[in-house]
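A.B. asks: Using the hints, position chain W against chain H.
Protein chains in written order, with my numbering: chain H, 1 to 113; chain W, 1001 to 1232.
These aren't lab readings, by the way, just hints derived from the structure by calculation. For each residue, glycine too, the CB sits at the ideal point set by N, CA and C. Heads up, a few of these hints could be off.
[Unchecked claim] Listed next, the stretches of chain H that the computed footprint assigns to chain W, with coverage defined by at least 3 CB atoms under 8 Å from CB atoms of chain W:
#1 9–16
#2 64–75
#3 78–87
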Amino acid sequence: MNVLPVPDRLYTVPIILRGSFIWGCLRAALALLPWFMSGFEERFTVAVTVGAAAWIVLVVAALGLLDIRRRNEHLLLANLGFRQRTLAILAGLPAFVGEVAIAAAWSDAAPRG
Amino acid sequence: MPLLEADTIGKAYRGRPVLTTASLRAYPGAVTALCGRNGAGKSTLLAIAAGWRQADTGVVRFDGVTWVRPSLPLLAERGVFYLPDRAILSPAIPVGRQLAVVRRRFRSAADVGSIAESLGIASRLDLTPLRLSGGETRRAEIALACVRRPRCLLADEPYRGTSPLDAEAITRAFRGLAADGCAIVITGHEVEMLFDAADSVAWCAGGTICEFPSVAAAREDWRFQREYLGEV
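So that you can see chain H by itself, here it is in the shape it has in the complex (with noise of 0.2 Å):
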């Protein structure tokens, strides 16, 4: 039998694509959202604690998972022998990914904690 890590492309590929619009949708909520309430006062920025950040990560991961659900793709990926966890772990890829991306280009401006 052919054991592949990841599902085919055919789904993996839209999986990646949706965990990166919800963390963009949510990496642009939590970046503007304070700064829309402080009246534009406060400085912009993106960059949040490592503690943020892996909770970033673990809320897209189980959001990308809930709309799999949503899709019944993950009865069909059961059946072709993937587990929920592998699943997630896609979601949370381009959420991982844009951290660690984010981190280390605001480096310098991201607050201590």
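C.D. replies: Structure of chain W alone, referenced to chain H:
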């Protein structure tokens, strides 16, 4: 000897017992019809046997290995295919491409075209499931199982929403899989369709299972007649 056995399964929902000591067996090369009234626990038992739901008590044995907490992905790698009573095809991806993925995943030698032809969905392979009727979607899902060529197929309500002619095609597909040695369990309420396909009958009632070695034996059982078929 059964290939798959869900042994003395117990399951309760919010304290209400649905199954108490239900045992389901699937034999290689045979089709078993799992019958029962609404709410008897057929779908629950099938989902537990497939590793999709967890039982409160009991174990699942597949190919000689005992699983206390089976999972569908692990059983699927070993040859189980589970068709639940709801859609499993991704709604946005054309049916033909999803069939091709299953074929690639398991390096199946199955001919997607001829399977689709036999199930009457050959002209629908380029469409997404959103554009198929309920009956076509169900046949496309059965085509998935045929492409997979599983060692054990557990199909919950495979005849749901299908016309008599389409049901014949589904029955032929099941018989073809069984002829290749697949152990099959099917459920549903379309008694005549189920019995046409089945070699044996498992009757789910009172939280347990009563097994009949043949369809004829089930038909002749007075309790089965009275309490399930509704015949006096």
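A.B. asks: Decide, hint by hint, whether the structure agrees.
C.D. replies: Going through the hints against the structure:
1. 9–16: holds (count 3)
2. 64–75: Three-residue rule met by the region 64–75 of chain H, so holds; n is 4.
3. 78–87: holds (count 6)
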